[in-house]
Amino acid sequence: MDPAHRSADCVLLAEAHHALSEGIRRLLATTFGTVVMVADEVSLLESARRLQSDLVVIDLRLPQGDSIGFVRSFRMRFQTTKMIIISDYDIPAVVKATLDAGANGYVMKRALASDLLDAVDAVLTGNAYVSPEIRMYADKAAGEAARSGP
Numbered sequence: 001m002d003p004a005h006r007s008a009d010c011v012l013l014a015e016a017h018h019a020l021s022e023g024i025r026r027l028l029a030t031t032f033g034t035v036v037m038v039a040d041e042v043s044l045l046e047s048a049r050r051l052q053s054d055l056v057v058i059d060l061r062l063p064q065g066d067s068i069g070f071v072r073s074f075r076m077r078f079q080t081t082k083m084i085i086i087s088d089y090d091i092p093a094v095v096k097a098t099l100d101a102g103a104n105g106y107v108m109k110r111a112l113a114s115d116l117l118d119a120v121d122a123v124l125t126g127n128a129y130v131s132p133e134i135r136m137y138a139d140k141a142a143g144e145a146a147r148s149g150p
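For the sequence shown, our numbering begins at 1 and goes up steadily by one.
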């Protein structure tokens, strides 16, 4: 990430799996001065309110129940906070629903090492980001649908 484009020095990371969250924290710490980690919805909402961080990285599985509804609710409460969702779901409809609900970026967990900092750079400079492998999968599915025709 280009430090000249960084608009945040603190990032909030919401991931329930400690081993994974520690790896993500180390990756984000290469760019941000402070990485605050939380492991549940209540802590995420309280920390987001208290810290007013410019960026949050949220595991789509963190919320109990309706994950897309949680993204929508988070967006309504924290309208200016940039939000990157990390997930192991590579279904284009899930990605679209997440972005439509207010996420600024969507990164596949299996591609965190290669995609996360690119996603951070993109969303902090006002662009959306989706892991390239999801875009390729969606393009391939769209092409197959077009070939099969009506």
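Treat the hints with caution; some may be incorrect.
[Claimed, not checked] With beta-carbon atoms standing in for the labels, derived distance ranges:
(1) Asp66 to His17: 13 to 23 Å
(2) Arg49 to Arg135: 16 to 26 Å
(3) Gln52 to Arg135: 10 to 20 Å
(4) Asp40 to Arg75: 16 to 26 Å
(5) Asp9 to Arg49: 16 to 26 Å
(6) Arg75 to Arg50: 26 to 36 Å
(7) Ser73 to Lys96: 14 to 24 Å
(8) Glu46 to His18: 11 to 21 Å
(9) Gln64 to Leu20: 12 to 22 Å
(10) Val42 to Arg135: 14 to 24 Å
To be clear, the hints were calculated from the coordinates, so they are not data collected in a lab.
By construction, the Cβ of each residue, glycine as well, lies at the ideal position given by its N, Cα and C atoms.
We went through each hint and held it up to the structure:
The given range of 13 to 23 Å is respected by aspartate 66 and histidine 17, whose C-beta atoms sit roughly 20 Å from each other. For the pair arginine 49 and arginine 135, the supplied restraint of 16 to 26 Å is violated, since their beta-carbon distance comes to about 33 Å. Range check, glutamine 52 to arginine 135: Cβ separation about 32 Å, and the 10 to 20 Å hint is violated. Restraint check, aspartate 40 to arginine 75: a C-beta distance of roughly 19 Å satisfies the suggested window 16 to 26 Å.
A hinted range of 16 to 26 Å holds for the C-beta pair aspartate 9 and arginine 49, which are about 18 Å apart. At roughly 18 Å, the beta-carbon separation of arginine 75 and arginine 50 lies outside the given 26 to 36 Å, and the hint is violated. Range check, serine 73 to lysine 96: about 18 Å between beta-carbon atoms, so the 14 to 24 Å window is met. Between glutamate 46 and histidine 18 the C-beta distance comes to about 19 Å, which sits within the given range of 11 to 21 Å.
Between glutamine 64 and leucine 20, the C-beta spacing of about 18 Å keeps the proposed range 12 to 22 Å intact. Look at valine 42 against arginine 135: about 34 Å separates their beta carbons, and that is not inside 14 to 24 Å.
This entry does not satisfy hints 2, 3, 6 and 10, going by the numbered hints stated previously.
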